[in-house]
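Chemist: Sequential numbering of the sequence shown, starting at 356, is according to the numbering used here.
Hints are computed from structural coordinates only; laboratory data are not their basis.
What you are looking at is a predicted structure, and each value in this text was computed from that prediction instead of being measured.
You may find that some hints are simply not true.
Said to hold, decoys possible - Result set (BS3-like, lysine-lysine): computed pairs, CA atoms no more than 25 Å apart in a straight line:
id : residue 1 : residue 2
1  : Lys532    : Lys376
2  : Lys481    : Lys415
3  : Lys456    : Lys481
4  : Lys460    : Lys481
5  : Lys576    : Lys531
6  : Lys383    : Lys456
7  : Lys432    : Lys460
8  : Lys532    : Lys432
9  : Lys456    : Lys432
10 : Lys531    : Lys481
11 : Lys419    : Lys481
12 : Lys576    : Lys532
13 : Lys432    : Lys415
14 : Lys460    : Lys531
15 : Lys383    : Lys432
16 : Lys432    : Lys397
17 : Lys376    : Lys531
18 : Lys456    : Lys576
19 : Lys432    : Lys419
20 : Lys397    : Lys419
21 : Lys415    : Lys397
22 : Lys532    : Lys481
23 : Lys572    : Lys481
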Amino acid sequence: MASVARYVVERSPDQVRLAFKSVLEICKERNISSVTLVVPQKGGFDRTIVAEFLGPNVVKALVKGQPVLVAQGVQMKLESAQTSRGSWSDGLLIGGHISDKDMNKLDDAIGAQAIVYLPWNDTDGKNWRATWGAQIVGATTAPAPTVSLPEPVEEALQSLTQAVNLGTGLNHPSDKKHAERTIAQLRQEGHSFDPVEVRRWAQRNGWSSSAAADLEKVARKAFR
356 MASVARYVVE RSPDQVRLAF KSVLEICKER NISSVTLVVP QKGGFDRTIV AEFLGPNVVK
416 ALVKGQPVLV AQGVQMKLES AQTSRGSWSD GLLIGGHISD KDMNKLDDAI GAQAIVYLPW
476 NDTDGKNWRA TWGAQIVGAT TAPAPTVSLP EPVEEALQSL TQAVNLGTGL NHPSDKKHAE
536 RTIAQLRQEG HSFDPVEVRR WAQRNGWSSS AAADLEKVAR KAFR
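Generate the whole structure from the sequences, applying the supplied hints.
Modeler: So, in structure tokens, the structure goes:
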């Protein structure tokens with residue numbers, strides 16, 4: 356999932372316009388024909404600043420469940436973070452003022468070609484960018500470098516990733532025990548690492564968001 360192109364549009368008065376401008380550019384560049392706008396909830400969506408930008412006719416159609424044409428050959432539909440299944444979503448996904456927790460559904464989506472995030476607050480945006488090294492829309496800088504874990508830690512996590520069933524994460528007792536032994540061994544060898552960075556590494560390397568969060572919990576326990 357780390358191979359999915361990711362972009363973040365930081366908070367500003369021009370955030371929504373920049374976001375949709377970039378969406379059209381990304382769709383053209385990557386030959387994407389399907390866009391899904393994911394918002395906190397459909398109820399009251401017509402009163403949001405995203406809806407104000409899109410206009411009443413487009414919003415009315417989206418709320419009714421009708422796809423709208425946003426560019427030649429590109430259609431957009433609306434989903435809420437509350438009801439979004441997120442297991443399969445092709446094309447480009449837009450996280451429109453949803454929390455970083457709700458962004459996990461988009462990050463876990465199979466088939467997504469690109470993800471654009473419009474965070475409601477700076478903290479959510481910074482956390483998401485730190486996890487994925489997302490490109491800031493409108494900036495000429497390279498994607499944010501992700502924090503590197505010590506090489507022995509990464510090697511151990513790679514071995515763990517190959518050993519556990521990523522489909523179930525740490526739900527199986529034997530996989531959880533394997534994770535606990537891996538982390539405990541790293542601590543015994545004197546390696547220091549941030550549990551948050553362990554989670555971020557896992558997310559970038561094929562773990563689902565919930566499984567990566569469970570791995571972070573295991574890492575935190577090792578520091579108690």
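Chemist: Does the structure keep Lys456 and Lys481 at a Cα separation of 25 Å or less?
Modeler: holds (13 Å)
Chemist: Given the hinted pair Lys383 and Lys456, is their alpha-carbon gap at most 25 Å?
Modeler: Judged against 25 Å, a Cα distance of about 29 Å means the pair is violated.
Chemist: Can the restraint linking Lys532 and Lys432 be considered satisfied, given a maximum Cα separation of 25 Å?
Modeler: violated (42 Å)
Chemist: Is the hinted pair Lys576 and Lys532 satisfied, with a Cα-Cα distance of at most 25 Å?
Modeler: The given pair, whose Cα atoms are some 13 Å apart, holds under the 25 Å limit.
Chemist: Can you confirm whether the C-alpha distance between Lys432 and Lys419 stays at or below 25 Å?
Modeler: With Cα atoms ~10 Å apart, Lys432 and Lys419 stay inside 25 Å; holds.
Chemist: Under the criterion that the straight-line Cα-Cα distance not exceed 25 Å, is the pair Lys432, Lys415 satisfied?
Modeler: Roughly 11 Å separates the two Cα atoms, so the pair holds.
Chemist: Measure nothing beyond the straight line between the CA atoms of Lys532 and Lys376; if it is 25 Å or shorter, mark the hint as holding.
Modeler: violated (47 Å)
Chemist: Between the alpha carbons of Lys456 and Lys576, is the straight-line distance 25 Å or under?
Modeler: holds (22 Å)
Chemist: Check the hint pairing Lys415 with Lys397 against an upper bound of 25 Å on the C-alpha distance.
Modeler: The hint holds at about 11 Å.
Chemist: Hint check: Lys397 vs Lys419, CA-CA at most 25 Å. Holds or violated?
Modeler: holds (10 Å)
Chemist: Measure nothing beyond the straight line between the CA atoms of Lys576 and Lys531; if it is 25 Å or shorter, mark the hint as holding.
Modeler: The given pair, whose Cα atoms are some 13 Å apart, holds under the 25 Å limit.
Chemist: Straight-line Cα separation of Lys419 and Lys481 no greater than 25 Å?
Modeler: violated (33 Å)
Of the numbered hints given earlier, the model fails hints 1, 2, 6, 8, 10, 11, 17, 22; all others are met.
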